[in-house]
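Put together the whole structure using the sequences plus the hints.
Next come the chains, spelled out residue by residue.
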Amino acid sequence: MQAKIALAGLGHEYVNPFTRERVLALDGLDLEVPEGEFLTVVGPSGCGKTTLLSILAGLTPPTRGSVLVDGRAVTGPGRDRGVVFQEFAILPWRTVERNIAHGLEIQGVPKAERAAVVRRFVDLIGLGGFEKKYPHELSGGMRQRVAVARTLAANPEVMLMDEPFASVDAQTRITLQEELNTIAQATRKTILFVTHNVEEAVFLGDRCCVLSRRPGRVKALVPVDIPRARRTWKLFTSDPAFGATKDHVLRLVREEVGGEDNR
Amino acid sequence: MTARREIVATWVVVLAAATGAWSLAAATLPVPAYYLPPPTAVLTALRDLTAKGILPTYVADSLRRIVVAALIGLVVGVPAGLALGMSRRVADFFYPLLNFFQSVSGIAWLPLMLVWFGFGERTILVAVNYTVLFPVMFNAVLGVRSVPRLYVDALRTLGAPRWRIVRDVVLPGALPSIATGMRLGLAYGWRALIAAEMLVGAHGLGFMIFNAQNFHQTARIMLGMGIIGVLWLALDYFFLRPLEEATIARWGLVQR
Numbered sequence: 001m002q003a004k005i006a007l008a009g010l011g012h013e014y015v016n017p018f019t020r021e022r023v024l025a026l027d028g029l030d031l032e033v034p035e036g037e038f039l040t041v042v043g044p045s046g047c048g049k050t051t052l053l054s055i056l057a058g059l060t061p062p063t064r065g066s067v068l069v070d071g072r073a074v075t076g077p078g079r080d081r082g083v084v085f086q087e088f089a090i091l092p093w094r095t096v097e098r099n100i101a102h103g104l105e106i107q108g109v110p111k112a113e114r115a116a117v118v119r120r121f122v123d124l125i126g127l128g129g130f131e132k133k134y135p136h137e138l139s140g141g142m143r144q145r146v147a148v149a150r151t152l153a154a155n156p157e158v159m160l161m162d163e164p165f166a167s168v169d170a171q172t173r174i175t176l177q178e179e180l181n182t183i184a185q186a187t188r189k190t191i192l193f194v195t196h197n198v199e200e201a202v203f204l205g206d207r208c209c210v211l212s213r214r215p216g217r218v219k220a221l222v223p224v225d226i227p228r229a230r231r232t233w234k235l236f237t238s239d240p241a242f243g244a245t246k247d248h249v250l251r252l253v254r255e256e257v258g259g260e261d262n263r
Numbered sequence: 264m265t266a267r268r269e270i271v272a273t274w275v276v277v278l279a280a281a282t283g284a285w286s287l288a289a290a291t292l293p294v295p296a297y298y299l300p301p302p303t304a305v306l307t308a309l310r311d312l313t314a315k316g317i318l319p320t321y322v323a324d325s326l327r328r329i330v331v332a333a334l335i336g337l338v339v340g341v342p343a344g345l346a347l348g349m350s351r352r353v354a355d356f357f358y359p360l361l362n363f364f365q366s367v368s369g370i371a372w373l374p375l376m377l378v379w380f381g382f383g384e385r386t387i388l389v390a391v392n393y394t395v396l397f398p399v400m401f402n403a404v405l406g407v408r409s410v411p412r413l414y415v416d417a418l419r420t421l422g423a424p425r426w427r428i429v430r431d432v433v434l435p436g437a438l439p440s441i442a443t444g445m446r447l448g449l450a451y452g453w454r455a456l457i458a459a460e461m462l463v464g465a466h467g468l469g470f471m472i473f474n475a476q477n478f479h480q481t482a483r484i485m486l487g488m489g490i491i492g493v494l495w496l497a498l499d500y501f502f503l504r505p506l507e508e509a510t511i512a513r514w515g516l517v518q519r
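As given, the protein sequences belong to chains A and B, one line each in that order. Using our numbering, you'd call the opening residue of the first sequence number 1 and step up by one each time. Using our numbering, you'd call the opening residue of the second sequence number 264 and step up by one each time.
These are calculated hints, taken from the structure and not from any lab test. Each residue gets a CB set at the ideal place from its N, CA and C atoms; glycine is no exception. Hints may be right or wrong, so weigh each one.
Heads up, simulated EDC-like pairs for lysine to aspartate or glutamate below, C-alpha to C-alpha not over 20 Å straight-line [unchecked claim]:
(1) A:K133 to B:D499
(2) A:K133 to B:D311
(3) A:K234 to A:E179
Partial list, derived from the structure: chain A residues whose beta carbon lies under 7 Å from chain B [unchecked claim]:
(4) A57
(5) P61
(6) G65
(7) R79
(8) A89
(9) P92
(10) G103
(11) H136
A few chain B residues facing chain A, derived, Cβ under 7 Å [stated by the list, open to error]:
(12) R419
(13) P439
(14) G489
As structure tokens, then:
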């Protein structure tokens with residue numbers, strides 16, 4: 001079967017605008033992601049995780065190599081690939097419901113149908129009663145939920161998530177991770193989730209892709225053999241497979257950071 | 264609301280005290296009457312000039328000129344600034360030019376404009392519109408350039424075409440800066456208008472206070488100055504504030 005995402009010989013080089021140095025962010029990266037897989041990507045900071053995601057999103061053209069989604073070369077952004085950004089990328093001048101509906105508006109979906117989809121996602125992310133609120137009236141966790149809902153509502157084939165829960169508090173992060181897990185199970189979307197948090201990567205991923213230090217390439221692909229239904233933090237942390245997988249991934253990552261403590 | 268009422272009450276007291284002090288000074292200071300007329304003389308001037316229809320006509324002249332300039336600023340200056348701001352290279356190229364012209368106020372242009380356009384309405388309109396237009400354009404350009412790249416990228420990944428990015432992201436994102444531009448432009452324009460009316464001498468509040476000086480009608484001068492200030496407050500309250508309340512204040516982009 002054809003892979004949903006296929007990267008071959010991917011390399012990316014750019015010039016740092018401040019130091020004017022040439023930076024080789026990615027080099028010879030090969031990766032295949034089958035349809036419906038939740039793949040998490042971890043690696044030391046600066047290993048090109050975000051660059052990889054940006055290339056897949058079509059926002060950054062790679063210097064070399066091929067990027068195929070559904071067998072077609074990526075030449076720019078497209079609504080088949082939805083992105084949830086690290087910072088809050090929802091629009092401050094749109095209410096919760098209008099932010100969530102934005103992708104559908106762009107697709108020309110009629111108003112009544114839009115309203116139905118919005119209602120469904122507002123329920124899914126637990127923001128009932130907040131539909132008419134503006135982002136500045138929401139907490140950080142709520143805003144990031146809206147961002148996830150906006151991407152999901154547009155119904156992309158592939159979800160690209162760039163450390164989406166990095167800037168919310170620990171308690172909210174756990175809730176969001178569990179919610180995302182439920183959503184992933186329900187929608188069966190292909191998801192590529194970038195994080196620097198090994199625990200998060202193991203908790204969410206069907207497989208966990210460890211990148212090497214810069215220039216980033218795939219160091220290892222670690223399968224996480226725990227059924228999705230058992231992935232709540234309570235069940236998960238007591239599962240021996242979780243601890244073993246986490247330690248394994250952590251070891252791989254630490255080899256790359258060279259002893260620097262990375263949790 | 265009670266805080267607002269307190270502010271109003273405080274102002275009533277302050278104004279009453281100031282008026283009292285002014286009256287006292289006018290009555291006791293050893294200066295000619297025209298040097299410091301009492302508040303009552305200003306009120307008399309207000310009544311007389313209103314009854315003769317001079318004041319309403321002049322106020323209408325000045326207001327019409329500034330409102331026309333405001334509309335032209337909105338209809339021409341804002342779109343022009345937005346267009347220039349769209350491309351980083353174009354914006355960088357025009358930046359020093361716009362910055363230069365927004366600093367050379369219409370007042371500094373007046374001598375040259377009098378040579379070119381003569382002592383008449385044309386000079387006033389050119390001076391005022393010029394003064395309003397540049398800060399408006401300049402700030403619209405800055406506004407476009409200040410829209411976070413992230414918002415644009417987010418919309419691109421949702422599959423938005425360029426026109427929609429402009430409408431849904433660039434325009435609202437530039438609005439705080441556009442509002443600042445309108446505020447600055449109109450404030451500068453209002454000053455330039457009064458100055459132009461003084462020099463050109465063709466009706467308007469500026470003409471009124473300048474002309475009154477020739478006849479030692481100090482009360483008229485003070486009346487005109489007061490009205491200039493009050494009209495600005497009204498312009499702010501009825502035109503600029505509603506614009507901001509409906510948009511950027513509601514979106515949490517400014518702290519009120």
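Discussion item. For each hint given before, does the structure comply? Return the numbers of the non-compliant ones in rising order.
Written reply: 1, 2, 5, 6, 13, 14
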